[in-house]
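Protein chains: 2
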Amino acid sequence: MPDTPAQPNEADIRLAQDMLFFAYRDFTNAADVILAELGLGRAHHRALHFIGRMPGMPVSDLLSILRITKQSLARVLNELVARDYVAQHQGRTDRRQRLLRLTPAGQALERRLFQRQRDRIAAAYAAEPQAVDGFRTIMRGIMDESARIYIDEAEHPSR
Amino acid sequence: MPDTPAQPNEADIRLAQDMLFFAYRDFTNAADVILAELGLGRAHHRALHFIGRMPGMPVSDLLSILRITKQSLARVLNELVARDYVAQHQGRTDRRQRLLRLTPAGQALERRLFQRQRDRIAAAYAAEPQAVDGFRTIMRGIMDESARIYIDEAEHPSR
DNA sequence: ATCCTACGTCAACAATCCTGACGTAAATTC
DNA sequence: GAATTTACGTCAGGATTGTTGACGTAGGAT
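Which chain is which? The protein sequence lines are Z and P, in order. For the first sequence, the numbering used here begins at 1 and goes up steadily by one. For the second sequence, the numbering used here begins at 160 and goes up steadily by one.
For the record, the hints were derived by calculation from the structure and aren't laboratory data. Incorrect hints may have been included.
[What the hints assert, rightly or not] Here are some chain P residues pointing at chain Z (derived, C-beta under 8 Å):
(1) Gln176
(2) Glu287
(3) Asp292
(4) Thr296
(5) Glu314
[What the hints assert, rightly or not] Stretch by stretch, here's where chain Z covers chain P in the computed footprint (C-beta under 8 Å, at least three residues):
(6) 180-191
(7) 205-213
(8) 277-285
(9) 305-313
Think of the CB as a built atom: it goes at the ideal place given N, C-alpha and C, for glycine as much as any other residue.
All chains should be modelled from the sequences, with the hints used to inform the complete structure.
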């Protein structure tokens, strides 16, 4: 078991870099078979995921989560709407907003994609349940403050 | 503090999905300022990172780590060689191989890129050192077996 | 009435990835 | 020693995902 000094040395950091790359590579890869079948890409998956996570989310929120431009999102979103995976509703308090939700077909697809990634995470969690808290703590620490806030909101849905 | 049952429920998995996205997004983003300055992309950074990590690595190893095609790598690698960040040497035991290493300029650049990502990881580790073991354990669990093997090798350099 | 915001959209372009095919030198196998 | 396989390089063409910049419209805010 490697040391974990309070002042991390270079080898610790390099290892973390490698791990982030590999874990993300293999985690995202898990859903690719289904996406390829349908002629969709990872960009579509990301949109489906976050829309499913926070139904009724306006376009602007999705933009700031994905950190891509309006035009990049538009392409993906238009296709998801055209294929009836995503529905747009006018906002009530602010009618300029297009609130996004998954259609039943979108939910079904998202669920299929989810299963693949689920298996990977579930296996890792089940093998070492005592490690989960540490994993979450460090992952929170790596991301931006804004992402931490989003995650806290997603965990206590206030609607 | 959330529960961490042996059988992870859906909310646990969804949270992990979010965390992987955000941690990776913000971690990779950290180096982008320098890359943009030099007109390089993330693909170049990935190559620099892994070549720096395992100097003398043949092209085929890099291909299987990055999981991209020869042509995609060729473009990136040719540019790194042209700009004198990467040098290629003929293999001794197998002269078909092009063994890759960073030039001094490549090492210097990789180090600059490294510093940015370092800050993020170091802060997270320093704030919660007791969480590091758990982080590593789960990250290992998420990645493919082949990635675990690579990581173990990188930690005990046999040269 | 004016200004700002939350969208949509058009056009052009860049980075990164892909498939498939073909070539060459060197190692390996029969 | 010949045939096969391996480790590359490279050419051609195409798809996805991202970018910038400009412009338009409906609706909220002052």
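Right, here's what the structure says about each hint:
A hinted interface residue such as Gln176 (chain P) counts as satisfied when its beta carbon comes closer than 8 Å to some beta carbon of chain Z; here the least separation is about 6 Å, so the hint holds. Checking Glu287 (chain P) against chain Z: minimum C-beta separation of about 5 Å stays under 8 Å; hint holds. Against a cut-off of 8 Å between C-beta atoms, the interface hint on Asp292 (chain P) holds, since the closest Cβ of chain Z lies about 6 Å away. Nearest Cβ of chain Z to the Cβ of Thr296 (chain P): about 4 Å, under the 8 Å cut. The hint holds.
Here the hint on Glu314 (chain P) is kept, as its CB sits about 7 Å from the closest CB of chain Z, short of 8 Å. Counting residues of the region 180-191 of chain P whose C-beta sits closer than 8 Å to any C-beta of chain Z gives 8, which meets the bar of three, so the coverage hint holds. Given as covered by chain Z, the region 205-213 of chain P passes the check, having 3 residues with a CB less than 8 Å from a CB of that chain where 3 are the minimum. Figure legend: the region 277-285 of chain P, annotated as covered by chain Z; annotation consistent (8 residues with Cβ-Cβ distances under 8 Å, at least 3 required).
A count of 4 residues in the region 305-313 of chain P with a Cβ less than 8 Å from any Cβ of chain Z is obtained; the coverage claim is therefore met, three being the minimum.
Against the hints set out earlier in the document, no violation occurs for any number.
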